[in-house]
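There are 2 protein chains.
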Amino acid sequence: MNDPSVTGGASPGQDDAVSDRARRLASIPSFQRIDAFLNESDYARRHLMPGACDFTLGNPHQMPAERYVRTLRDALTPQHDQWFAYQTNGKASREAAAESLHRLLAVPFRSEDIYLTTGGFAAIALALKTVADPGDEVIYSLPPWFLYEPLVLEAGLVPVKVKIDTMTFDLDLGAIEAAITERTRVVIVNSPNNPTGRIYPPELLRRLADLLEAASARIGRRIYLVSDEPYNRIVFDGLRFHSPAEFYPHTLLAYSYGKTHLSPGERVGYLALPPTIPHRDEMSHAITALQVAMGWVYPNGLLQHALPELEEFSIDVSQLQRRRDRLADALGSMGYRVRLPEGTFYLYIPTPIPDDEAFTASLARRDVFVLPASCSKPRASSGCPSLRTRT
Amino acid sequence: MNDPSVTGGASPGQDDAVSDRARRLASIPSFQRIDAFLNESDYARRHLMPGACDFTLGNPHQMPAERYVRTLRDALTPQHDQWFAYQTNGKASREAAAESLHRLLAVPFRSEDIYLTTGGFAAIALALKTVADPGDEVIYSLPPWFLYEPLVLEAGLVPVKVKIDTMTFDLDLGAIEAAITERTRVVIVNSPNNPTGRIYPPELLRRLADLLEAASARIGRRIYLVSDEPYNRIVFDGLRFHSPAEFYPHTLLAYSYGKTHLSPGERVGYLALPPTIPHRDEMSHAITALQVAMGWVYPNGLLQHALPELEEFSIDVSQLQRRRDRLADALGSMGYRVRLPEGTFYLYIPTPIPDDEAFTASLARRDVFVLPASCSKPRASSGCPSLRTRT
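The listed protein sequences derive, respectively, from chains W and Y. For the first sequence, the residue numbers in numbering that gives the first Met the number 0 are 0 to 390. For the second sequence, the residue numbers in numbering that gives the first Met the number 0 are 0 to 390.
Certain hints may be false.
[Said to hold, decoys possible] Here are the simulated distance ranges between beta carbons:
#1 Leu-172/Y <-> Pro-274/W: 52 to 60 Å
#2 Gly-237/W <-> Val-316/Y: 44 to 52 Å
#3 Pro-351/W <-> Thr-275/Y: 49 to 57 Å
#4 Pro-274/W <-> Arg-364/Y: 53 to 61 Å
#5 Ala-35/W <-> Ala-105/Y: 33 to 41 Å
#6 His-101/Y <-> Gly-219/W: 55 to 63 Å
#7 Glu-111/Y <-> Asp-280/W: 32 to 40 Å
#8 Thr-275/Y <-> Thr-167/W: 39 to 47 Å
#9 Pro-353/Y <-> Thr-76/W: 33 to 41 Å
#10 Ala-360/Y <-> Gln-78/W: 47 to 55 Å
#11 Val-316/Y <-> Gln-78/W: 21 to 29 Å
#12 Met-333/Y <-> Pro-274/W: 51 to 59 Å
#13 Ser-40/W <-> Glu-212/Y: 54 to 62 Å
[What the hints assert, rightly or not] With the C-beta cut set under 8 Å, the calculated list includes, among others, these residues of chain W facing chain Y:
#14 Pro-28
#15 Ser-29
#16 Leu-56
#17 Ala-74
#18 Gly-118
#19 Leu-146
#20 Leu-150
#21 Glu-153
#22 Val-157
#23 Pro-158
#24 Val-161
#25 Glu-281
#26 Ala-288
#27 Leu-289
#28 Trp-295
#29 Val-367
[Claimed, not checked] Covered by chain W, according to a simulated footprint, are these stretches of chain Y (three or more residues, beta-carbon under 8 Å):
#30 20-29
#31 95-101
No wet-lab data here; the hints were simulated from the structure. The beta-carbon is built from N, C-alpha and C at its ideal position, and this holds for glycine as well.
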């Protein structure tokens with residue numbers, strides 16, 4: 000469609016019906032693969048059928064918790080005439096989120112540094128647009144959450160992908176350092192990690208902070224860290240989660256309640272700034288302008304009314320841990336090389352044959368649905384054929 | 000902060016803590032004025048106090064309708080384990096929206112051409128990004144809805160503002176034609192209009208369609224029309240609303256349920272393509288990619304479960320019409336020059352003194368809160384000092 004000689008460029012609309020940016024987004028290979036998988040595959044046709052085993056997305060596997068439904072029902076009863084009026088950064092929601100984050104991370108987050116969003120996607124997009132301009136580079140590690148790329152490209156930014164340490168599933172700090180250029184503005188860190196389940200240890204995060212501090216000085220421009228941590232409460236074996244925000248003050252922390260509540264269709268999350276971040280007033284003006292200009296990305300009133308109560312609610316993490324163990328034991332006994340995840344809902348394991356798409360397709364023919372690793376990285380560089388399965 | 004000599008540019012983060020784009024958005028004059036009005040004015044301090052008369056935003060003036068609350072409560076009861084799972088363009092919601100739009104406009108909208116969003120802001124932003132690339136120009140008429148400018152700028156586009164006919168409140172087609180350049184990609188039309196309450200007549204829309212068809216041919220590139228019509232069901236005096244989508248096939252129709260339901264805090268709306276639009280497949284791929292990449296702008300599951308039922312619900316428009324009449328009569332008898340709005344919730348009337356901000360501030364000291372027209376246009380060009388009051 001881009002060659003005017005084919006379509007006759009004289010007639011308006013023939014060769015540019017949509018914007019270049021939309022066309023580019025629609026043609027991201029990993030995005031096309033996940034779209035085909037979700038809409039045109041055996042999965043699309045059969046995952047809701049009786050007997051199908053759906054281990055793909057972070058969706059529920061059982062009925063919603065009674066407490067979750069009851070809390071929303073209570074919050075639905077109007078207490079005044081502005082109950083369903085426009086909502087922005089509601090005070091009670093901000094306070095509940097800040098207190099909870101303070102308890103989790105031992106960092107005294109302030110309620111006015113919590114910016115409420117329609118979930119994690121919007122919090123990440125908000126963070127990127129707050130600090131980065133078109134052409135700036137964003138570093139993240141492979142295998143990534145498969146939707147960083149569309150978010151980064153929609154913001155006009157340049158994705159720079161580095162490998163993780165495939166033995167430990169840790170960040171490869173050498174690879175990150177080597178990828179930094181004068182255009183680097185953001186490094187995205189996702190811990191507990193989707194898909195590996197790895198929680199990055201505090202020593203690693205401290206070394207990353209030192210690295211970013213030195214690199215910022217070297218390039219003469221601040222490199223921000225966006226910490227994407229929707230699984231920071233889905234942690235196993237009594238481990239303690241540490242956020243990059245504890246080590247690097249220039250961290251924007253993106254959180255979604257969709258995992259803790261296992262209700263990703265009810266969109267609520269936030270972007271949080273640590274109290275140590277410099278230039279808080281300028282950041283605040285930037286973020287609040289973007290919350291409106293990006294399309295009013297505030298969570299719905301009902302969820303805000305419920306949030307102080309919902310902050311106390313979580314799915315049963317010990318049950319998730321038992322499911323992880325059961326699945327890992329079974330797969331291990333079949334000969335799969337399983338590295339136990341420390342958090343999240345996922346197992347990330349090498350496939351027994353090199354073509355992970357062919358392998359997951361063969362499972363799909365048996366009504367067992369898992370995601371091939373190629374859904375989250377460029378096909379050509381798929382040096383570590385793997386699959387991701389929801390536990 | 001932009002002068003490195005002031006802050007010492009050597010230390011990273013001193014002079015570029017936030018992105019240029021965020022800084023530009025935060026400094027839009029009309030945006031700053033509305034922000035100051037909402038957060039730092041007499042309005043901010045007193046609009047919720049007993050006796051205060053709040054005629055500013057499109058927020059409720061009475062308790063939520065029982066039917067609205069009951070419908071949401073019914074939709075909250077889970078019918079299966081995926082009740083709160085990720086939602087995209089839900090089939091039942093699309094069908095209900097398409098049927099309703101078909102009844103309203105006598106255009107046979109197809110359910111697969113309805114793209115569900117978190118309200119009107121997201122629908123407009125989605126429309127702009129689907130067809131326009133950074134640097135493209137977007138024409139809209141003054142006085143505009145005061146948040147077009149942030150949405151247009153966030154999309155990297157260039158706002159081009161033209162005057163309306165201040166006698167009839169109609170679009171000034173000559174002004175629109177004169178504003179078209181080779182970079183023009185979108186004309187936004189808002190009918191029924193916020194703030195004037197004008198419904199553009201079908202003859203005017205047909206002439207606009209002819210104008211845009213001819214201009215597209217002249218510049219060799221399709222000019223799209225974005226029809227922002229959240230008030231298309233808030234219409235008085237038995238008038239019939241006509242959408243630009245009936246006359247110009249290259250129309251993207253943005254709708255929000257926030258006005259019809261008077262619940263702008265529960266975000267749900269859509270972007271609809273008329274069945275006559277060319278290149279539907281390419282548009283569909285572009286829009287669905289953007290719905291994810293813009294930050295998962297789909298409405299929450301609860302609202303989607305409720306939508307087929309909520310499509311049948313509306314606030315009482317005849318009551319709104321009686322309120323319009325009462326307010327217009329009272330203002331007219333005091334000597335205000337009132338032009339009766341044909342739809343929406345607003346009256347847009349000249350202020351008795353030239354400084355509309357000073358005038359609305361004097362009303363605010365008496366606890367009567369209305370918006371000065373300068374909130375929606377650059378101060379310098381405020382040739383028609385007016386105020387907008389919610390009826």
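Run the structure past the numbered hints and jot down the numbers of the failing ones, going up.
-> 2, 4, 7, 8, 9, 10, 13, 14, 15, 17, 22, 23, 24, 29 and 31
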